[in-house]
Amino acid sequence: MPLLTQSQADDEEYVLVASLDNARNLSNILKAITFKDHAIFSATPNGLKVTVEDSKCMQANAFIQAEIFQEFTIKEDLVGFQVNLTVLLDCLNIFGGSTVPGVSTALRMCYKGYGYPLTLFLEEGGVVTVCKINTQEPEEPIDFEFCSSNVTNKVILLSESLKEAFSELDMTSEVLQITMSPNQPYFRLSTFGNSGNAHYDYPKDSDMMELFKCTKTQTNRYKMSLLKPSTKALALSCKVSVRTDSRGFLSLQYLVRNDDGQICFVEYYCCPDEEVEEE
Amino acid sequence: MDCVVTGGNVKVLAKAIHSLSRIGEELYVEPQEDGLALRSVNSSRSAYACFLFAPLFFSRFTTPSGQTFRCKMAIKSVQAVFRSLASLEKTVEKCHIQLDEQKNRLTFTLHCKHGLLKTHNLSFQDSESLQAVFDKDSCANEFRSQPRLLVDTVIHFPQSVDEVTVSVNDERMWFRNHVEDEAEQARAMLTELCLASDEFDHFAVKSHGSITFCLKELRGLLVFAESTGLPITMYFDEPGSPVVLSVTDSVLEGNFVLATLSEDAGHRKNNSRGGRSPQPPPPPDDFMNDDMDSFIIAMDTSMAPGPSTSRPSTSRSDYSTCSKQSTAANHRTRHRSEEEEEEEEDNTDDLDRPPNKKFCSLFFGSVLPPSSQMTTQPVISQEVLASDSEDDPQDE
Numbered sequence: 001m002p003l004l005t006q007s008q009a010d011d012e013e014y015v016l017v018a019s020l021d022n023a024r025n026l027s028n029i030l031k032a033i034t035f036k037d038h039a040i041f042s043a044t045p046n047g048l049k050v051t052v053e054d055s056k057c058m059q060a061n062a063f064i065q066a067e068i069f070q071e072f073t074i075k076e077d078l079v080g081f082q083v084n085l086t087v088l089l090d091c092l093n094i095f096g097g098s099t100v101p102g103v104s105t106a107l108r109m110c111y112k113g114y115g116y117p118l119t120l121f122l123e124e125g126g127v128v129t130v131c132k133i134n135t136q137e138p139e140e141p142i143d144f145e146f147c148s149s150n151v152t153n154k155v156i157l158l159s160e161s162l163k164e165a166f167s168e169l170d171m172t173s174e175v176l177q178i179t180m181s182p183n184q185p186y187f188r189l190s191t192f193g194n195s196g197n198a199h200y201d202y203p204k205d206s207d208m209m210e211l212f213k214c215t216k217t218q219t220n221r222y223k224m225s226l227l228k229p230s231t232k233a234l235a236l237s238c239k240v241s242v243r244t245d246s247r248g249f250l251s252l253q254y255l256v257r258n259d260d261g262q263i264c265f266v267e268y269y270c271c272p273d274e275e276v277e278e279e
Numbered sequence: 001m002d003c004v005v006t007g008g009n010v011k012v013l014a015k016a017i018h019s020l021s022r023i024g025e026e027l028y029v030e031p032q033e034d035g036l037a038l039r040s041v042n043s044s045r046s047a048y049a050c051f052l053f054a055p056l057f058f059s060r061f062t063t064p065s066g067q068t069f070r071c072k073m074a075i076k077s078v079q080a081v082f083r084s085l086a087s088l089e090k091t092v093e094k095c096h097i098q099l100d101e102q103k104n105r106l107t108f109t110l111h112c113k114h115g116l117l118k119t120h121n122l123s124f125q126d127s128e129s130l131q132a133v134f135d136k137d138s139c140a141n142e143f144r145s146q147p148r149l150l151v152d153t154v155i156h157f158p159q160s161v162d163e164v165t166v167s168v169n170d171e172r173m174w175f176r177n178h179v180e181d182e183a184e185q186a187r188a189m190l191t192e193l194c195l196a197s198d199e200f201d202h203f204a205v206k207s208h209g210s211i212t213f214c215l216k217e218l219r220g221l222l223v224f225a226e227s228t229g230l231p232i233t234m235y236f237d238e239p240g241s242p243v244v245l246s247v248t249d250s251v252l253e254g255n256f257v258l259a260t261l262s263e264d265a266g267h268r269k270n271n272s273r274g275g276r277s278p279q280p281p282p283p284p285d286d287f288m289n290d291d292m293d294s295f296i297i298a299m300d301t302s303m304a305p306g307p308s309t310s311r312p313s314t315s316r317s318d319y320s321t322c323s324k325q326s327t328a329a330n331h332r333t334r335h336r337s338e339e340e341e342e343e344e345e346d347n348t349d350d351l352d353r354p355p356n357k358k359f360c361s362l363f364f365g366s367v368l369p370p371s372s373q374m375t376t377q378p379v380i381s382q383e384v385l386a387s388d389s390e391d392d393p394q395d396e
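Note that the protein sequences, when read in sequence, are chains A and B. Take the first sequence: its position 133, counted from the start at 1, is 133 in the UniProt record's numbering, and no numbers get skipped. Take the second sequence: its position 256, counted from the start at 1, is 256 in the UniProt record's numbering, and no numbers get skipped.
Because the hints were derived from the structure by calculation, they are not lab data. Glycine is no exception: its CB is placed at the ideal position from the N, C-alpha and C atoms. Hints may contain errors.
[What the hints assert, rightly or not] Covered by chain A, according to a simulated footprint, are these stretches of chain B (three or more residues, beta-carbon under 8 Å): (1) 71-79; (2) 83-89.
[As the list claims (entries may be wrong)] Quick list of in silico lysine-lysine cross-link-like pairs, DSSO-like style, CA-CA up to 27 Å: (3) A:163 x B:113; (4) A:36 x A:228; (5) A:204 x B:113; (6) B:90 x A:239.
Input sequences plus hints: build the corresponding full structure.
Pasting the structure below:
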């Protein structure tokens, strides 16, 4: 841990210090939510939450628990700031993102508080780079008011089966329709494109279906452009939970294992495009 | 129509569709007594391909009894059903193709592993019959080889090469890229390959000579043949007659028919602008005098039974002849404007455009059928054309 000695004197001033031996444990998960330039960082003693929103109707969150970091020190209950996510990712990959085993970029992320830049110390092979990224006033992330008690339908699928479907989705369709039902077709993804419509049906007894709890038949449509970015999170994940609530709001939760086998979560919330109760 | 394809045949079907997509933008589907025919033709009508899958290719094959059904749809939509070829083998257990006559839809249902069901409901349009005239058996030259031979030959020509010239004598076959202008010949890279007759499984030459045709469309067939390992048989005659490339096995037959450059066009030397003299003179607006225009592609073929092809045309006489006529009109206008375009700028950034318009006119000229059965149709259509002609000079 060569970086610690360098900035130990400054530690008193930082409200947040987070260190990783392998910066990829952060950069990989952030890539899964990079569809807009700006991200809201919220750090609590539990860990780091990074939020990206689109059009006020879609939100993606990445959660990296404090335990994932080699060092995670926070002096306040909540530290929040906004940064350009693309710039941050570029910095995290400043050494070229080599995938040679055994070689990794070490990261020390420090923040002094409101008005100060986010400072990144990155080291690989004895070479140290210091990046300072300007921060902005954090916007308040939208509260989708999605609570477990309101969930009408829930399934947990192995990501492998959904990956193929998502990569084949007809992009000429403006919406992705999700049907969840205790009866046939159980779980269906539908698109309505230029040449016709397509349906992907997952039966409830499929061995790809880890959990199936649907109480009522619901069909909801979501803008394809809002959901397509979730494919990145899907690609990284091994399992995904799909939940809809009584309003038709969609929650997608992805279980992601990082390089060291530790678990992180990525979550997508999306508002329905129009509500279609039953077909 | 209702058919089911299982196991490895799903991938074969998908590959056939992908290779047809290299020819044209639309897929013509026609279930017949002898199987399912999938066809495609390019926009300039200088390349045509047809795959016929025998009933035994399917684990279930039923065609609508009585009425013939044929349709066409955007080939991209069908390709989307079989998008990732690599995973098809591993995940798809069977593919069910059904016709929904009421909703005018063709439904492709893929039953995959883990119970996953993928359903694609594709809309289609009714279409006229699409068949080309060619007779493989009457061709002077016939060659058969493993696909690897042709693949390894073609790979030496860069993607930018449009046309290739194939020359044969009793012992050898040469492949050479075709360069038009003399001026260009000095600058272009010329590639020539020679294959000996013993590299072929069958090498029968009755007439020495050379033919020139478009390479791009050939590549589509090569991809299919290589993946299925089926030998390719090549038939050709004199320049101007189409070259036919076939792959066959017990349950399928694929034919790619490509137009070739005619002899006079090949001898143009000092030709820059306006040197396209071998072109037929701009056709008059009166369609009655134009043989080429009187039939597009709907003609009998040596493969298909005679009566069934003539009946549909007459039953849809008004619609189909009008559409033929307007297609011909478009074809000709584009023909002329493309000529002008080509003279003004360097050609072919658009590979879908016919590489050489000479091909299309010659293709039809060369396949003008001598039989009387054929001529009855054009006569009928000509009568209709005269009265419905869009380019009727009186109207303009």
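Hint-by-hint comparison with the structure:
With a threshold of 8 Å between beta carbons, the proposed coverage of the segment 71-79 of chain B by chain A holds, since 4 of its residues qualify and at least three are required. Figure legend: the segment 83-89 of chain B, annotated as covered by chain A; annotation consistent (3 residues with Cβ-Cβ distances under 8 Å, at least 3 required). With a C-alpha separation of about 14 Å, the suggested pair residue 163 of chain A and residue 113 of chain B falls inside the 27 Å cut-off, and the hint holds. This hinted pair checks out: residue 36 of chain A and residue 228 of chain A have alpha carbons roughly 13 Å apart, not beyond 27 Å.
Distance hint between residue 204 of chain A and residue 113 of chain B is fulfilled; the C-alpha atoms sit about 14 Å from each other, no more than 27 Å. Of the pairs offered as hints, the one joining residue 90 of chain B and residue 239 of chain A holds, with about 21 Å between alpha carbons and a cut-off of 27 Å not exceeded.
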